[in-house]
Each structure stands twice: as C-alpha cells, then as structure tokens.
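*Asks:* Chain residues, written in single-letter form:
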Amino acid sequence: MDVFILQLFNGISVSSILLLIALGLAITFGLMKVINMAHGELIMIGAYSTYLTQNLFHAYMPSSWFNWYFVISIPASFLIAFLFGLLLEVSLIRHLYGRPLDSLLATWGVGLLLQQLARSVFGAPNVAVTSPSWLNGGMRILSDVVLPYKRLFIVGLVAACLIAMYFYIYRSLEGRRMRAVMQNRDMAACLGVSTRRVDAMTFAIGSGIAGIAGCALTLMGPIGPSLGTYYIVDAFMVVVLGGVGKLVGTVLGALGIGVFNTMFEYWTNASLGKVLVFLCIVAFLQWRPSGFVAMRTRSLD
Amino acid sequence: MAGYAAAAVALFAAPMFLSDFRLNLLAKFLAFAIVALGLDLIWGYTGILSLGHGIFFGIGAYAMAMYLKLEASGGRLPDFMGWSGLKELPLFWQPFSSFGFAVAMGIVMPALLALFLGFFTFRNRIRGVYFTILTQALVIITTTLLVGQQAFTGGTNGVTGFSKILGASLASPDTKRMLYFVTVLVLIAVFVACRYIVGSRFGKVLRAIRDGENRVRFIGYNPAMYQMVIFTLSAAFAGIAGMLFVLHVGIISPSMMGIVPSIEMVLWVAIGGRGTLIGAAMGAVLLNWAKSEFSTSYPEGWTYFLGAMFVIVVVFLPNGLTGLLGKIKLGKKRRVTKNEPTIEYPAM
Amino acid sequence: MRNRKLLQVGIVVLLVSLVISACGGNKETASTTPSETAGGSNGAAAADGIKVGILHSLSGTMAISEVSVRDAELMAIEEINAAGGVLGTQIVPVVEDGASDWPTFAEKARKLISEDKVATVFGGWTSSSRKAMKPVFEELNGLLWYPVQYEGLEASPNIFYTGATTNQQIVPAVDWLLENRGKKMYLLGSDYVFPRTANLIIKEQLKAKGGELVGEEYTPLGHTDYSTIISKIKEAEPDIVFNTLNGDSNVAFFKQLKDAGISAQDLTTLSVSVAEEEIRGIGVDVLEGHLAAWNYYQTTDTPANAAFVANYKKKYGEDRVTADPIEAGYTAVYLWKAAVEKAGSTDVAKVKEAAKELEWDAPEGKVRIDGETQHIYKTVRIGEVQADGQFKELWNSGEAVKPDPYLKSYEWAASIQPSE
Amino acid sequence: MSQPLSILQCNDVTVEFDGFKAIQGMSLTLAKGELRFLIGPNGAGKTTMLDVICGKVRPSTGQVTFNGDIDITRKKEHQIAELGIGRKFQAPSIFPSMTVLENLEIALRQRRGVFATLFARLQAEEQKRMKRQLEMIGLADQEDSRAGGLSHGEKQWLEIGMMLLQEPDILLLDEPVAGMTDKETDKTGELLQEIARERSIVVVEHDMEFVRSFASKVTVMHEGKLLKEGTMEDVQRDDRVAEVYLGKRRDADASRSTA
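Protein chains in written order, with the working numbering: chain A, 1 to 301; chain B, 1 to 348; chain C, 1 to 420; chain D, 1 to 259.
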C-alpha cells in the first residue's frame, strides 16, 4: 500500500516534470507549428541562469539571504530564456514559418551551437547548484511514505505556469491577439494586429517557460551543456501524444507518459519501461494520429 | 553523362592516388553516400523526413557484424557473450555464420521493418512532422533495446574485433582494395537505380505526393502504397550501406544508430542538396571528409561550423550546395527563366 | 533542359575532383607535416621529435571526463620535454578527437598509427572506445596506454592498462563493505558493459562470501528520474547500494536520494565512477558521507602527488582537481618514457619487453608493470566524501595489489572466466 | 430500386462534425450525362456533399452508390477516384514543383499501381491525348513551365485539364469559375456543356449569372438539407428559396471564396 501511494505520487511527479518541459513546446509547436529542437537548449539556458543567480548571491549577498536565490532565479531564468527565444525568432524562426520540417532541422543546428557555446563558457563538466534549504526534506504522510518538498514544489510550479498561461491566452488582450494570429493570420493582419510582434512574443514566451523548466530541473538532475538532449524527445512525445493546439491535451499527454512510465519501470526495469512507453505511444498514434485532443480543419492539407 | 562517367573513372582510379588509410576513409564516405541517396528518395523527392535511418543502417551493419564476429570467433562463443554470462550461441545468431544469409538479412531486415512501420503509419495517414517524431521514438526503442540486451548484441560496445571475410584477412590491403571496389560498384548500382526511379512515372508520382499528398489521392493513386514502397527501398539502401560500413570500419555500435547520427544523415542530404541525387551523394562525402579533416584540429570550432552550416543551409539555401552552385552558374549566364530548377517545399 | 544537364555534369566533375584532390593532397603532405595539435607544436619540431598520439573525446558526451585526462597527459609530455625529452629527443603530441563515438576512435587510431606513424598512443576512457581501438592496435601492431579503471577480462598484447582492473577496485571494495557495512547489497548501474560485468563478478563474490543480493537494476545512460528506483531500493531494504552508474545519472540519483530522505547515515553507497571531478558537478551537499573506491585521490599523501597536484593546478587553474583517471593518464606517459629509455628504442616489441616489471614512483605511490598482463600493480583505497569535496581515505590495501584481470586467483570466480 | 439511368445516388446522407450536423438526411440522384448545379447560401453543406461523394468525408449515416450497384460510402478516396469520380477543389490544387506536362502525365487514365508506374513508358497515343488537352486548356506553349509559376486562371485550367485526362464518369467541381474573367467564365461554361454530353457533372457555384446561363437542373441546399430541386425557373419561382436567398444574396455573392 505504501509503495502504491509512493508510486502514484512518483507518477504524478514525473508527469509534472514532463509537463513543465513540454509546456513551452506546446506553445511553439502547437500554436506556431515550429518544431523547436533547440527547446532542450533553452531549458539548459534556464538551468545555467539559475546557476549564475546562485553564484551572484554567493558573491554579493549576505549568506543569510542565500536561501532566497531560488525565488529570484525563477523569473531570471524565464527572462534570459525569453530573450534568447526572442533573438532566435527574430533572426531565424521567422524565415521558417510554414516549413515545419525545415524548422526542425535548423533548430537542431541552433541546439548544437548553443550546446557548444555553453561548453565554451561554462566548461564541459557539470556544474553544481545547491538547492535552497527550505526545499530539503519532505512531507511524511505515512510512516514510510515521504513526499519530497522539491517534487511537491515542481507540481505546484507547473500548476502555477498552467494557470498563468491560461489567463494569458484566454483572458488577456495579448492572448486574444495571439489566438487570432494562430487561427487566421491574414485576417488578423487585416484587422491591424502586428503578426510579427505576436509571433515573436509567442515564441519568446514558449522559450521563457522552457527557462523555468530548466530552473526547476536544477533541483532534480545534472546541469551541463548536454542537459537539453535528455529531455527533448520526451517533451515532443508529450506534445504529440496530447494533440496540438490545446493545453488540456498536453496535460493529458504528460500524465499518460509519466504515470505509465513509472508503472512500467516499477514492474520491469528502467530500460524496458522506457521501451514499453514508447511502443505504447507509437501504437496509440496509429489509432489516433493527432493525439488525445484533435482540432479538425477543412482545408485540403 | 560525360560527367558521371568521369566521376566513375575517378572513383575507380582513386586507389592509385590514395594511401590505404585514405582509401579506407573514402570507402566509408561512399557507404554513407548510399544512405544519403536513399534518404534523398524519401525526403528530397517524396517529402517524408525520416530521422530513423540510423536504425536501418544499423540493422544492416549488425547483420554483417554478426557474420564477421562468428567468422572471427572460429566456432567459439563470441567474446562479449562470454563476459555477459551466456554459455552457448543464441539460436538467432546461428544462421549468421553463413555469409549469404547475413547479406540477405542485412537488406531484408531493414526493409521489412520499414515495410511494417510504413504499412501502419502511412495507411493511418501519419505524415509530416508526426511521422518524423514517430521515427525518433523508434530510434529510442531500438537503441535502448540493443543496449539493454548486452548478452545478445554486445550492448554499448557493439560488435567489433573481426579478422576475416570469406576466408580473406580483413587486415590485408588487397582485401581492403577489393572491398573499396565493391563499395564503388554498389554505389554506382544504387545511383543508377535511383536515377531510373526518379525519372520514371513512379518518380513523378512521388514528387506529386511531396507537393500535395491529398490531391494525389483524388487522382486515384494510393499515396500510402507509394510511400511504403519508397520508404522500404530507402531502408534497404541504408541496410546495404550499413553492411559496407562495418566492412570498412570494423565496428558497429548503438551509438551509430542514435538520434544524432540519424539527424546527421539528413544533414548530408540537406547540405549537398535535397531533390538532386548527385547533391545528396556529394553532401555525404564532402561533409564527412571535412569532418575528419577539421574536427581533429579544431574540435570546438568544428561543432560551431557544423551547427552554423546546418542553420544557414536549411534556412537560406533549401536546395543545398548544389542549388547554390546552380544559382551561381545561372547568374553568370544571366539566364533566369521560369524554368529555373528551384524546388518549393510546401508545408507538410 | 540542356543547360540544366550541362550544369549538373559540371557540378559532378567539380565535386568529384575536389574530393579526390583533397584526399590525395593529404597523402603527399601527411608524411611530412603532422596534424595541428592542441599542444601547439608545429611541423618543424616534428622532424626531429618522437610523435605520440593522444586520443580522447574532446567533443560529445564523454568530453566531460576525457578532456582532463588529455590535459594531464600533455602536462606529463611537457614536463618530460622540459627535462630533456626521451632518448634525447623531444616528444611531439599528436592530439586527435574521438568525439565520444566508438567508430571514430577506431578511425583515429588507424590514422595515428598508419599516417602519423606515432610511437605510441595514450587514449580512451569508455570500455567501448577501448574495444573499438583494440583490433586496430592488434592489426597494425601499435601500442595503446589506457588510463581508466575497467571491467577486466582482457589482456591485449598491444595495450597497457594503467587503470584498475576488477581485483584492484571492485573485489576489495565488496570485501570491505561486507566486513564493515552489512551483508545486504543492492546493485545499481548504468546499462552498459562495465556495470553489467562488474555486477556479474559481485554476484559470484556475494555468493561465496555470505553476502545477500537484494536487488539489481540498470538504467539507460542519461537516465534522469530515479524516483521509481529509489522506491524499489526502499522496498528491498539493503545495507549497501553498490553504485556503478555513469556520468550525469549520478547527479540525478544522489540529488533524488537525498530528497527521498535517505542520507549516507541511513544507507551506505559505494560508487566506482564518482571521483573528485564528478563531485564538483553533483554538489558536495548531496554527496557528503558517501563512499567511493579508487586507487588515487587528490588527497593521497605521497611526495610525488604533492608535486603533481601543484603542477596541475598551476598549469590549468586553481579550481581544477585531480582524480584517479587523470593520475593514471599522467602515470602512463612516464611509464612509457621509462620503458623507451630502458629499451633504447621506441620499437613496440622492444618497449613491451623493457616495460616488464618496470617500476615508477607515481602520485598514487609506487607502481609496477605486471609483465604477464600488462596491467599495473595498484594500491586500493576506499574514501569518504568530505565537506570540501575531497575524499578522506577510510581504508587502503597497504601494498600494491597484483593485477588479475581474469580473476584466476579467485576460486569463486571460476564461472566468470572465459571457457577455453 | 436503382434506376438504370442514374449514375450516382446519395440516400439520406448525414454528416456530423463533433456534434454539429453539416448535412442532415440529404438525398441526391444524378443521371448519366447530366450537368447539375448545387447552390445554396454559405454553410449549406454543398462542399461537404462533394466531400462525401469523393470519399474525403465519411457520412455518419446514409449511403452513396455509384453506377447503380457499387456502394462507395466506405471506400477510400483513391478507390473512388479509380472508379471514375473526379474532383476539382475550390482552390486550384496542382503540383507546383512539377511541369505542366508532368502534371498531366500523372493524371492520365492509366494503371495506378506502384509497379505499373515504375515500368510505365509514355505511349504515343498518350502523348497525343496530352497534346490535345494542352491545346484545349490553352497551355500548349507552357508545357515545360513549372506549374507553380502559372497564373491563377491558368492553374484552374490546368486542373480541369488534369481532370479530363482522368476520364472520369462523374466530375465534381467546386466553384470552377472563381477568379476567372468573364470571357474565361463563358469558355468554361461551354466546355462544361460539351463535357456533359458523355459525362455527368456536379458543380457547386455561387456565381448566379453563371448558373442561370448554363444550368439545366439545379439543387438548392440550405442548412444541410435539400430545399428544392428542379429547373432554374422552378427554383427561382420557389418562395422558400427566395426567402433563404433574399437579403442573403449579397452575402453569398460577396464571400464567394468561402463555402
């Protein structure tokens, strides 16, 4: 019973991490049809931003404040990844609209460049980020079941990001413009919406969320130049499985992969678990090629 | 025609000018060119981007490697099975002691896998980006399985430590030269086959599918059949290339089949010029040559160069270097017509 | 249409000739000019120097570990050159990038031996890269110095192994754990050759020594979520986790282990792939108190080590640390030098003959080459991670242990030895 | 039940998109050699009806039969096309990277299997037919141009040419004269009447002028249902049709490009 509860929690925790890394992708891929293979590297940028924030606190702040660096690093990661995303959109991505496969290849090249850049700047080995002490330990709900605060924190962070995105997309003026452009670009342009600005903003926000994901990942895993490569394929699977264009699909996709992965891994082993999950995804897509939540269109292609 | 003949002559004459080591490298690059041709058929001509060709390449390579390993072990258990705790040769390894069987498997197995995958995905109209991501999932499945089943596959180490093929020592320069000629012949055969396919009505249907898959359907063609056939063929070419690769390099491991090598294969085609066969083949040779020349002296610079090259070519030169050369030449002649062989790649 | 054909023909001719001339051109120059090297030497020096190859991954996933070993090897060469070189000539390093790709290792090894005609090669890290290079060295009768602890069961006549084999690291570590920390052991490793082979040996050893195997788990390389594994470990209630995880997975595992409320006091873990360099990337806060088994630590107290650490930091920066494979790479260069001087030649056969039972005062203490297996005698050390990111030695084997890659002197290991 | 002279019969067809009924119980019978116009205000389900016939959309209930006894309701698009139902879409959809001639070549009536096309040679007879078609659609001097570079009207013609080379028994045309000049429109109308001598045609059209000039029989749809069927005079006299169209006429004409 204890193990069951713990595994259930682990499943949700893994899902929340997957969701966090896939959220940004759901925006860039789902709304803009840009396959951003450099998404993983934007996550990496977020992680390094956290590392830098930590170092700044070490160097310039009283040591009693150190614990609060993490609070600052979340917006900092968002901002830095946001700026990188903006730069990327303005210089490259805007030449790639309507060419999704080309965008995949070009951004893979960008990913390669960013990885090498990280290697040149921070060195090839991993860097260490010390988690704030208020996230150490966990909540004991049964004698033998401890829910780590960090995992709980990530679940909360994802929820916060989802809510923020919901309000942004569906309740704000900017969000309405964004939806208008994504649904009918020409019409939106005719109505005076600057599609260029909206595109750039949308892509940058997607990138910024990747940055937040990177920040959260410093709590759980390694921080190095190849950090992004560990997560990128999983993130794509989440988005594809969930279906394009609706956030609820992405949530379902993440839950599906996270929970099943944990289950399979518990019953078999990590390698086989992974293989089984991917097989399930391939099989599922045969059945529903456009994922859990599909949007129908009437156009020929 | 004259140009191709000259190229063929140059390839056959190459052993006279190159050291054994360089010849070996060139042979490897030519094997890569075969993969590039297959990839070009499905990507450049049919508009399907597969990021899973590393698997087909790898399966071909493993088939050949299994034969070579058994040949080298001379009746004993291959070394890695020993240190993985196996006591006797697994059943599925046994027929690979036959060269003919191994070669047949090296072609048939990738083709069958592609057929199986293509049968379902293309019939279910999974295409464009979804197909591409699906192939990536397949790469993960295959490499994880290969690595996990160390006793049967050699795990991350892969299969290596070969000595002879059909009784001839792999180390002797004569065998190497022979294998080089075999590679050149296979490349030429594959190239001619691709030319025929591309020029045939079948090839026109492929391009039509690239331009508008649904439109093709309403003319009465079943695109799924065409996609399946060309995907299978392309996988078979990759398998052949994999077999040749093992003969030249002497090792195959899952690291040659992963996501990165699979994307690199696409990169050869992109940089050489998709939609032209010669561009794809040349892209494979040139890029790998440059990699082996420059990556040594400037390992960091090389990665920057590779990344930048990729970005620039894909974004600004969709027709690759061949397209660029074409533009320069046409520009000199000041001859710009509607006919200019630039290809638009429609949204997929 | 005609123009288009002509154009294509033109391009074909142009490109083919380009490739051929490029390849051919190099043939002419290859014998006289060496490749550019990171060491900064040039063609002029090569004319009267002894060329040696340095073949590590400078790009890709393994660059994390291998770059430091390259640095140590280059430092050794520099030191030797400053002291007059070997046989009165300077050593000229030819640095190649294995790019974390095994076939590339094979290709570059072939290039170093047949094109650059190097006297010997120092290189490799992963077992896979060594397995890929081994046939090349055997075919071309080259000489490779491999500096990393590995899974044993190998003794190539063309390779010198300066890292530990199993009976110099894993076997004594398991003995020590069974004596001092408990009997119930959980084996956790990355899914590749070294952990699988190591665990095969450990399982036999547990059977023979009265230990108990309570679980065995492998995760794919690059695995980053250990929550399920940690659940499984909790369920199995082991005394010890024997950790053969590699690289980045260690970071995820130790961070998440700590979050699950399991500290080094609750559960002993012993790692064989976590050294000083890795500690910096994982963070001392999560690693403090955990154990490792190596033959060398930066804190190892020998006169040679004091100088080695000081020089290394001076050359590459105060923030750099030394570690076992770094030291083994450094030692390899000096052992080769000693063998060449004894043989009076760089000829492979003569060097191998001269290397037999050769001794040298390495930073890890006195080492000796075992003539039979071409491994070296090494002292085994178990260390505990301290708050400063360094190891405190808890135990050592006292004297250097004779290498036994096939574990022939261990009765319980009979079933592991190759059946010949 | 089946009338020997009818070539296409749609019985009680209903199409649902996520709960929204685009077509509700629509029936349609097409005689051999008939030129039928399908009209109706926006959202009436005209294009969807064509989609059902050519297999692009599966009806949730109802049946479509071809040539008396072939049930094509569950058949795939390419099978339906092979049987002899050709479709021209609203936006010109030709293959832009191929030449005009290549476009025509793959449209030719022929065996369309993988192996058939792999070993196909262009026959002299086929060449003649393509030349004739090129003349007819007025693209003879552009046969080697990339189709993507043609003007909008030329693309429309090319697509019609491709469809004729398919030699279908039924042609389904979605707004064939959209974007054409008056002269081109007239030419198209004449062409349609000529084609209708040997084949059946269904045309979805918003251009009432065009309908009036060339229609013999008209089917009016409204909100997914059949509103009226008959000659142009019948339809014009009908009160319900007037009600649907009056006041809406302007909208319908203004937004021809959507359906």
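Read the hints as simulated data drawn from the structure, not as lab findings. There may be inaccurate statements among the hints.
[Said to hold, decoys possible] Derived BS3-like pairs (lysine-lysine); straight-line CA-CA distance at most 25 Å:
| # | chain 1 | residue 1 | chain 2 | residue 2 |
| --- | --- | --- | --- | --- |
| 1 | A | 246 | D | 21 |
| 2 | C | 408 | B | 87 |
| 3 | C | 408 | C | 392 |
| 4 | A | 33 | D | 56 |
| 5 | D | 225 | D | 75 |
Just so you know, these numbers come straight off a predicted model, no measurement behind them.
*Asks:* Are the hints correct? Go through all of them and say.
*Replies:* Do the hints match the structure? See the list:
A C-alpha spacing of about 23 Å is found between residue 246(A) and residue 21(D), which places the hinted pair at or below 25 Å, so the restraint holds. Restraint check: the Cα-Cα separation between residue 408(C) and residue 87(B) comes to about 19 Å, which is no more than 25 Å; the hinted pair holds. Among the hinted pairs, residue 408(C) with residue 392(C) is inconsistent with the structure: their alpha-carbon atoms are about 32 Å apart, more than 25 Å. At most 25 Å may separate the alpha-carbon atoms for a hinted pair to count; residue 33(A) and residue 56(D) meet this at roughly 24 Å.
Straight-line distance between C-alpha atoms of residue 225(D) and residue 75(D) comes to about 24 Å, which keeps the hinted pair within the 25 Å bound.
Comparing the model with each earlier hint shows a violation of hint 3 alone; every other hint is respected.
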